[in-house]
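Single-letter residue listing:
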Amino acid sequence: MAKLVIKNVSLKYHTVEDEIEALRDFNLEVEPREFISIVGPSGCGKSTLLSLIAGLMKPTTGSIILDGSPITGTTQKIGYMLQQDYLFEWRTILDNALLGLEVMRRKTDESVAQVKQMLKDYGLSGFEHSYPHQLSGGMRQRVALIRTLATEPDLLLLDEPFSALDYQTRLAVGEDVCRILCQHQKTVIMVTHDIAEAISMADRVIVLTSRPGRVKSEHVIDFGPEYNHSSPLKRRESPRFREYFAAIWKELNSSEQ
Amino acid sequence: MNSKKGYSLEHRKYLRRIRVRQRTILVLQILLLISVFALWEIAAAYGWINQFITSKPSRAWTAAVNLFNRGELWRHLGYTIGETVLGFTVGTMAGIVIAAALWWSDFISRILDPYIVILNSVPKVALGPIFIVWLGTGLKAVVAMAVATSIIVTIMVVHNGFKNIDPNKIKLMRTFGASRLQIFTKVVIPASVPTMISALKVSVGLSLVGTIVGEFLGSKAGLGYLIVYGGQIFNMSLVMAAVIMLSVVSALLYYLVVLLERKIVRYNR
Numbered sequence: 001m002a003k004l005v006i007k008n009v010s011l012k013y014h015t016v017e018d019e020i021e022a023l024r025d026f027n028l029e030v031e032p033r034e035f036i037s038i039v040g041p042s043g044c045g046k047s048t049l050l051s052l053i054a055g056l057m058k059p060t061t062g063s064i065i066l067d068g069s070p071i072t073g074t075t076q077k078i079g080y081m082l083q084q085d086y087l088f089e090w091r092t093i094l095d096n097a098l099l100g101l102e103v104m105r106r107k108t109d110e111s112v113a114q115v116k117q118m119l120k121d122y123g124l125s126g127f128e129h130s131y132p133h134q135l136s137g138g139m140r141q142r143v144a145l146i147r148t149l150a151t152e153p154d155l156l157l158l159d160e161p162f163s164a165l166d167y168q169t170r171l172a173v174g175e176d177v178c179r180i181l182c183q184h185q186k187t188v189i190m191v192t193h194d195i196a197e198a199i200s201m202a203d204r205v206i207v208l209t210s211r212p213g214r215v216k217s218e219h220v221i222d223f224g225p226e227y228n229h230s231s232p233l234k235r236r237e238s239p240r241f242r243e244y245f246a247a248i249w250k251e252l253n254s255s256e257q
Numbered sequence: 001m002n003s004k005k006g007y008s009l010e011h012r013k014y015l016r017r018i019r020v021r022q023r024t025i026l027v028l029q030i031l032l033l034i035s036v037f038a039l040w041e042i043a044a045a046y047g048w049i050n051q052f053i054t055s056k057p058s059r060a061w062t063a064a065v066n067l068f069n070r071g072e073l074w075r076h077l078g079y080t081i082g083e084t085v086l087g088f089t090v091g092t093m094a095g096i097v098i099a100a101a102l103w104w105s106d107f108i109s110r111i112l113d114p115y116i117v118i119l120n121s122v123p124k125v126a127l128g129p130i131f132i133v134w135l136g137t138g139l140k141a142v143v144a145m146a147v148a149t150s151i152i153v154t155i156m157v158v159h160n161g162f163k164n165i166d167p168n169k170i171k172l173m174r175t176f177g178a179s180r181l182q183i184f185t186k187v188v189i190p191a192s193v194p195t196m197i198s199a200l201k202v203s204v205g206l207s208l209v210g211t212i213v214g215e216f217l218g219s220k221a222g223l224g225y226l227i228v229y230g231g232q233i234f235n236m237s238l239v240m241a242a243v244i245m246l247s248v249v250s251a252l253l254y255y256l257v258v259l260l261e262r263k264i265v266r267y268n269r
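Protein sequences appear in the order of chains A and B.
Position 218, counted from 1, in the first sequence is what our numbering calls 218; the numbers after and before it change by one each time, with no gaps.
Position 180, counted from 1, in the second sequence is what our numbering calls 180; the numbers after and before it change by one each time, with no gaps.
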């Protein structure tokens with residue numbers, strides 16, 4: 001059974017000045033443990049799609065089904081990582097990482113110990129009692145990831161999670177995140193406008209049309225046995241990487257018109 | 001942090017330059033104050049200005065000492081400080097509660113918006129006689145004046161702070177399924193602490209204004225009473241003494257808020 005089914009979803013935004021159709025007849029199925037990247041021209045409704053899946057908004061028409069039951073509001077099964085870390089500057093790193101658990105009233109000695117262990121595992125030991133401004137961008141993004149993972153979602157939504165980082169850090173954090181998510185065997189939907197990032201991390205890349213967003217094409221990414229279980233950086237070296245890149249690049253450009 | 005001996009010579013020179021500059025500023029600030037008082041004293045002594053209407057520092061001092069000897073100094077100071085602190089505390093707490101209510105319901109906030117703007121521009125002094133009729137002369141009316149002068153600004157500044165919180169922080173909370181109360185207590189309040197402190201800095205001054213005006217209009221104690229009383233009996237030394245003490249009181253109250261700020265806002269240092 002598919003993990004997530006998006007069926008005939010459309011969404012209209014209403015403002016006093018105008019009515020904007022962000023998505024129209026959107027259909028997508030995501031298999032368990034699949035890593036999906038969604039790319040598309042800016043303003044094509046990528047972030048809207050994630051907000052819909054997260055249950056922050058209701059679609060105008062259509063339905064979104066997670067594990068067989070329709071999504072009606074936010075659920076603890078879904079973790080959402082935003083474009084920036086949005087760590088709270090008045091909370092220590094540990095308290096930031098515990099935010100989700102605290103909100104869900106699931107903060108226990110056990111879960112705190114678990115989060116502490118995660119901080120340690122992901123290179124943040126010694127920073128538990130520091131404040132966010134004392135950390136580098138890459139470290140902060142890792143804290144944000146831990147904050148999301150701590151609530152143990154099985155579907156992760158990543159909304160351009162690395163866009164606020166410089167290129168170097170971006171590649172490094174991409175590596176980390178990919179490794180961590182593989183370990184945890186999560187289903188992931190990542191929105192990005194970086195084609196290379198999309199290809200290097202995903203099992204499948206979905207290309208959207210410009211607004212109103214629909215699925216324009218799908219690319220199953222298969223680097224062959226040699227690369228399939230490698231890290232994103234390694235996969236970028238694969239000869240097929242360039243082929244995928246060229247194909248997706250071409251499609252994105254043709255959708256601009 | 002780095003130990004001092006690790007620094008290079010240039011860096012130590014740089015630090016010394018900064019220290020010298022800061023010390024010079026402080027010395028000049030004190031000198032300025034002393035010279036104003038000295039000039040005032042001398043001008044009065046040589047008859048360049050009329051002592052009867054300007055008084056002079058030494059006579060103001062005597063007036064203050066007389067008050068002290070009669071055991072009235074602490075009573076007047078106590079009234080003014082107590083009324084200000086009370087007005088300020090009530091005004092701030094009520095202001096924050098009202099700001100929270102306005103944040104909670106955008107609809108109510110829209111309805112009340114024009115009235116808050118009008119209340120803000122009404123001179124609160126005009127309300128004085130009303131308070132005196134309602135509450136009688138004395139402490140209650142003075143505190144009411146202090147609250148009235150400070151509360152509107154608190155409401156406006158704090159509500160504005162609440163509204164200007166990064167919507168993505170709220171979105172983040174919502175992705176965890178947070179309730180509106182959780183969003184308020186875990187994001188809106190802590191994120192607004194710096195705003196609330198700057199509101200405090202403004203409202204502590206305004207409360208003092210309200211207190212003094214209240215004491216002008218109807219009271220038998222406090223620095224405001226001393227100023228009006230001294231003016232009526234043409235005792236300018238008493239007036240000047242009270243005004244100088246008032247300046248010290250306002251500086252102290254402001255400094256208290258700064259101390260509070262240092263105690264609360266630890267995270268960005």
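In short, the hints are calculated from the structure, not lab data.
C-beta: ideal position from N, C-alpha, C; glycine also.
Take the hints with a grain of salt, since some may be wrong.
[Claimed, not checked] Cross-link-like lysine-lysine pairs, in silico, PhoX-like; alpha carbons within 25 Å at most:
hint : chain 1 : residue 1 : chain 2 : residue 2
1    : A       : Lys77     : B       : Lys169
2    : B       : Lys163    : A       : Lys107
3    : B       : Lys201    : A       : Lys107
4    : A       : Lys58     : A       : Lys3
5    : B       : Lys169    : A       : Lys116
6    : A       : Lys12     : A       : Lys250
7    : A       : Lys77     : B       : Lys163
8    : A       : Lys58     : A       : Lys120
9    : B       : Lys163    : B       : Lys201
10   : A       : Lys107    : B       : Lys140
11   : A       : Lys250    : A       : Lys186
12   : B       : Lys220    : A       : Lys12
13   : A       : Lys234    : A       : Lys7
14   : A       : Lys186    : B       : Lys171
15   : B       : Lys169    : B       : Lys186
16   : A       : Lys116    : B       : Lys140
17   : A       : Lys116    : A       : Lys186
18   : A       : Lys58     : A       : Lys107
19   : A       : Lys250    : A       : Lys77
20   : B       : Lys263    : B       : Lys140
21   : A       : Lys58     : B       : Lys140
22   : B       : Lys186    : B       : Lys201
23   : A       : Lys107    : A       : Lys120
24   : A       : Lys216    : A       : Lys250
25   : A       : Lys77     : B       : Lys186
26   : B       : Lys220    : A       : Lys58
27   : B       : Lys140    : B       : Lys220
28   : B       : Lys171    : B       : Lys186
[Unchecked claim] Per label pair, the in silico range of CB-to-CB distance:
hint : chain 1 : residue 1 : chain 2 : residue 2 : range
29   : A       : Tyr167    : B       : Val36     : 56 to 64 Å
30   : B       : Leu39     : A       : Asp95     : 51 to 59 Å
31   : B       : Arg19     : A       : Ser136    : 42 to 50 Å
32   : B       : Thr24     : A       : Ser231    : 32 to 40 Å
33   : A       : Thr108    : B       : Leu9      : 36 to 44 Å
Is Lys169(B) within 25 Å of Lys116(A), Cα to Cα? 23 Å, holds
Is the hinted pair Lys201(B) and Lys107(A) satisfied, with a Cα-Cα distance of at most 25 Å? 37 Å, violated
If you draw a straight line from the CA of Lys186(B) to the CA of Lys201(B), is it 25 Å or shorter? Given pair Lys186(B), Lys201(B) holds - Cα atoms ~24 Å apart, limit 25 Å.
What's the verdict on Lys58(A) and Lys3(A), does the C-alpha distance respect the 25 Å limit or exceed it? 19 Å, holds
Distance restraint between Lys250(A) and Lys186(A), which requires alpha-carbon spacing of 25 Å or less: The given pair, whose Cα atoms are some 30 Å apart, is violated under the 25 Å limit.
For the pair supplied as a hint, Lys107(A) and Lys140(B), is the alpha-carbon distance within the 25 Å limit? This hinted pair is violated, its Cα atoms lying about 47 Å apart.
Could you say whether the range 51 to 59 Å given as a hint is met by the Cβ separation of Leu39(B) and Asp95(A)? At roughly 56 Å between Cβ atoms, Asp95(A) and Leu39(B) fall inside 51 to 59 Å, so the hint holds.
Does the alpha-carbon distance linking Lys58(A) and Lys120(A) stay inside the 25 Å limit? Distance ~38 Å between Lys58(A) and Lys120(A) Cα, so the pair is violated.
Take the C-alpha atoms of Lys77(A) and Lys163(B), compute the straight-line distance between them, and say whether it is at most 25 Å. Distance of about 30 Å is beyond 25 Å: violated.
Lys220(B) and Lys58(A) were given as a pair; does the straight-line alpha-carbon distance stay at or below 25 Å? 64 Å, violated
Please test the hint of 32 to 40 Å on the beta carbon pair from Thr24(B) and Ser231(A). This hint is violated: roughly 59 Å between Cβ atoms.
Restraint status (C-alpha distance of Lys220(B) to Lys12(A) at most 25 Å): 67 Å, violated
When each numbered hint is compared with the structure, violations occur for hints 2, 3, 6, 7, 8, 10, 11, 12, 13, 16, 18, 19, 20, 21, 26, 31, 32, 33.
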